[in-house]
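Asker: As a plain string of letters, each chain reads:
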Amino acid sequence: MSLEPFNRLVKLAARAFYDDVTIKGDNQPKAGRGDNRGMAVIVLDALTRRQWVREEDLAKALKLHSKQLRRTLRFFEEEKLVTREHRKESAKGAKIFNAAMAATADGQQGTKEGDEKMKMHMHSYCCLDYAQIYDVVRYRMHRMKKKIKDELDNRNTIQEYICPNSSCGRRYSAFDVLQLMSMDGESFLCENCKAELTESEKLAAEELGDGDDRKRRHEKLKDMLRKMEEQLKPLVTQLNRVKDLPAPEFGTLLAWEARAHAAAQATGDSNANDSSKSSQGQGYTGTPMPFLGETRVEVALSGLEAKEEIEHDTKPTSLKVLPPWMIKQGMNLTKEQRGEVNPQTKMEQGSSSVDDKKLNLDNEDEKSLQDEYLKAYYAALVKRQEEQEASQRAQQKTELPEGVSETPSERQVGMKSKREDGNDEIEWEEDPSIGNSGAEPYRLADLNVEADASDHEDEEDDIDWEEG
Amino acid sequence: MFFHITLERNMQLHPRHFGPHLRDKLVAKLMKDVEGTCSGRHGFVVAITGVEDIGKGLIREGTGFVTFPVKYQAVVFRPFKGEILEAVVTMVNKMGFFAEAGPVQIFVSNHLIPDDMEFQSGDMPNYTTSDGSVKIQKDSEVRLKIIGTRVDATEIFCIGTIKDDFLGVINDPGATA
Ligand SMILES: [Zn+2]
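Listed in order, the protein sequences are those of chains A and B. Anchor point for the first sequence: position 44 equals 44 in the numbering used here, and the numbering is continuous, going up by one each time. Anchor point for the second sequence: position 70 equals 70 in the numbering used here, and the numbering is continuous, going up by one each time.
The hints are simulated quantities; they were obtained by calculation from the structure and are not laboratory data. Honestly, I wouldn't trust all of these hints.
For the chain A half of the interface with chain B, some residues (derived, Cβ under 10 angstroms), not all of them [stated by the list, open to error]:
hint : residue
1    : T157
2    : I158
3    : Q159
4    : L197
5    : E199
This one's a predicted model, so the numbers in the text were calculated from it and none came from an experiment. All C-beta atoms in this analysis are idealised placements derived from N, C-alpha and C, irrespective of residue type, glycine included.
Can you make the complete structure from the sequences, with help from the hints?
Answerer: Here it is in structure tokens:
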């Protein structure tokens, strides 16, 4: 079972349909805060890197207010993209979840001391419902297309008839025609003045001269349909790709926890095979670092992801050759790719090349909003990265990444969350430049970093895939 | 759509039928009264398939008629919006054509006929494609989709369309004749 195609589906759908969604709060204190467009996409992206996740943890990771996140999640729950579960939890319950988290994170069973203090609290968890997302997206596209097509073809509309007598002008619907039939059956007659009825739209066209409008409208509809098909092509492609794959299924929260726990016990430390399986084509050779890609993705929010994508793009070693428009944040990179690339230098070239390629290879999509968005996104990310890299350089060597992450700016969402994977990512990005270019030491370093971070949200994914 | 449902009806029976064959008389009268009728709620009663229960009769004062509550099972036909039906064309004019699917009358207005079919007047008015390969005239069989129903107490009238995939003529008697 591979998550990656489904995750890409989620990401594409997020950008196609939820990019400009504003999640409205009950009270918006500041005008500037009213516009939280794009947040929906961020949240969905974050969810693709997790399985079940406690909503507070997610909020912390995304540096969102938990209320705001909850609103977003509620919206997605209504949209049928996300499953949520709420339960009253004591410290013990939290421990179980943390244990499950830890279990999926390479069998490290350590629980947070802080969580022990928890009282009975209502906790909400959420998780993407991939099977349903697939259906929802397909249904949405179907409805969109159908709506336009029906309107184009005048389909499913009940014809209206009108009496041409200006003094009468009665209107009838096609339901009345049995009573209106003339003796010879040739036409319909007005009940009132016995004049022959005309189809109302024809008359309207003649009288009001809006035939032109209708034509224009027709053109517009056609245009809309064409644009829609063009712009949603990546999504359609991804839908087709995913069609015959089994959707990732995490089960209920309880089941998931139980499974994660069991898996941890069963595999113990020898989860090398898990990781290799679950690394979903990252090119690992059985090293227990499957969550590299996942974890790094977390940094998407902090801006480092762009580089990953870029590198990914520049290296042909990825499992599947993806068209450039597919390259989005959250793409998994092989370790080699990352290891060999000097992030700072590669970054600029890489980013521009991606954009260029995108332009060249897909002129259709080039025009599309999605790409516009992406381009802007990349540009912003690159810029941000540069700053970051600079500051990282400054503090480098054996420095911990936390310090780095805080320095650049407050805008770096996700970076500051110390216990989050964001740290790890930074660490990894730094590693190559530090000089750990060799495969084994590099991996080792990563492992250590992983152990330091106590919140192993993303790692779960791997074991779970292996399970399902 | 066809349904097999249980219905109830109060039957009034003339005293002259009181005798050994009362029940048979009652059922015969039920069939005569009910089959072929239409109710807005249940649709057309196609056939009575069985009598479930005949309650105690109640003699009406003055007339001597007896009212029996009868519970019976019947096959009913009720068209729904969105349903695909096969129907026989009964009349064609420039406004469209009428068709019947059993007891249901359906009107297909000309804008719900594919754009490539043109109305041809004459002895046998019809809608024909420009290459003449498809023709809709009286007695043609068409497959259509119901896009609207008007249900009155005693009548159901439908609006249909053949402007969709797999709809239209399914056999054309005029073509072979
Ligand atoms: Zn009139």
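Asker: Next, verify each hint and record whether it holds.
Answerer: Structure-based check of each hint:
| no. | hint | in the structure |
| --- | --- | --- |
| 1 | T157 | holds (8 angstroms) |
| 2 | I158 | holds (5 angstroms) |
| 3 | Q159 | holds (4 angstroms) |
| 4 | L197 | holds (8 angstroms) |
| 5 | E199 | holds (7 angstroms) |
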